[in-house]
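Peer 1: From just these sequences and the hints, can you work out the full model?
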Amino acid sequence: SQQGEEDPQALSIQEGENATMNCSYKTSINNLQWYRQNSGRGLVHLILIRSNEREKHSGRLRVTLDTSKKSSSLLITASRAADTASYFCAPNTGTYKYIFGTGTRLKVLA
Amino acid sequence: DTGVSQDPRHKITKRGQNVTFRCDPISEHNRLYWYRQTLGQGPEFLTYFQNEAQLEKSRLLSDRFSAERPKGSFSTLEIQRTEQGDSAMYLCAIYNQDRENTEAFFGQGTRLTVV
Chain Y
368 SQQGEEDPQA LSIQEGENAT MNCSYKTSIN NLQWYRQNSG RGLVHLILIR
418 SNEREKHSGR LRVTLDTSKK SSSLLITASR AADTASYFCA PNTGTYKYIF
468 GTGTRLKVLA
Chain H
8 DTGVSQDPRH KITKRGQNVT FRCDPISEHN RLYWYRQTLG QGPEFLTYFQ
58 NEAQLEKSRL LSDRFSAERP KGSFSTLEIQ RTEQGDSAMY LCAIYNQDRE
108 NTEAFFGQGT RLTVV
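Just so you know, the protein sequences line up as chains Y and H, in that order. Counting in this note's numbering, the first sequence runs from 368 upward without gaps. Counting in this note's numbering, the second sequence runs from 8 upward without gaps.
Don't read these hints as lab results, they were simulated from the structure. Note that this is a predicted model, so its numbers are computed, not measured. Among the hints, a few may not be true.
To give an idea of the interface, some chain Y residues facing chain H are shown, with a C-beta separation under 7 angstroms as derived from the structure [stated by the list, open to error]:
| hint | residue |
| --- | --- |
| 1 | T460 |
| 2 | Y463 |
| 3 | G470 |
All C-beta atoms, glycine included, are put in the ideal place defined by N, C-alpha and C.
Peer 2: So this is what it looks like as structure tokens:
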């Protein structure tokens with residue numbers, strides 16, 4: 368299925384540390400997107416990586432994609448308290464009908 | 008600003024009442040999606056439109072739910088005879104199919120509480 372599964376389910380780190388979360392999926396994809404959701408709010412698009420890309424950077428975010436392993440990772444460097452949120456991956460086969468997992472709940476302690 | 012406006016942001020209703028939510032894309036996007044999200048879970052797909060045509064409905068969308076996109080721009084989601092299990096965040100997302108490999112944008116959602 369097009370479902371993305373995030374791992375770990377929860378992550379707690381100190382401010383300034385790096386946070387890494389992983390995503391696994393089962394089908395071939397056109398691209399994969401990562402979203403952030405603050406408590407009680409909508410999803411904010413973070414970064415999109417195409418199937419022919421292996422790594423992408425945006426500010427403190429680094430995303431990797433391994434299509435042979437059907438996995439992706441999101442690295443947040445030098446984390447801040449404001450990064451506290453849930454993070455979801457969205458593997459896209461072209462329909463943009465996402466099937467989300469339960470996300471990774473990141474807590475950054477000040 | 009994600010380019011998607013949802014109204015209302017919060018709605019409290021009594022069980023058995025009907026409610027209607029609205030999603031307004033700020034710019035033109037031919038695809039519009041509705042999702043539902045309960046506490047601690049990821050968003051679940053409900054339905055999507057290609058312009059004004061409703062192309063797919065999830066099994067989650069019971070006959071008490073109806074969605075429309077009359078002119079291919081804004082969309083409404085109506086829930087009739089609400090039940091406590093309908094309490095959730097309802098999210099709208101848009102995507103421009105004519106632009107490949109671009110992101111889908113989500114609105115801030117409408118939080119429904121059925122009491």
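Peer 1: Could you run down the list of hints and mark each one as holding or not?
Peer 2: Here is what the structure says about each hint:
1. Nearest Cβ of chain H to the Cβ of Y:T460: about 12 angstroms, over the 7 angstroms cut. The hint is violated.
2. Satisfaction of the interface hint for Y:Y463 is found here, the shortest Cβ-Cβ separation to chain H being roughly 5 angstroms, below the 7 angstroms cut-off.
3. With 7 angstroms as the threshold, the beta carbon of Y:G470 comes within range of chain H, its nearest partner Cβ sitting at about 5 angstroms, so the hint holds.
Taken one by one, the earlier hints fail for this structure only at number 1.
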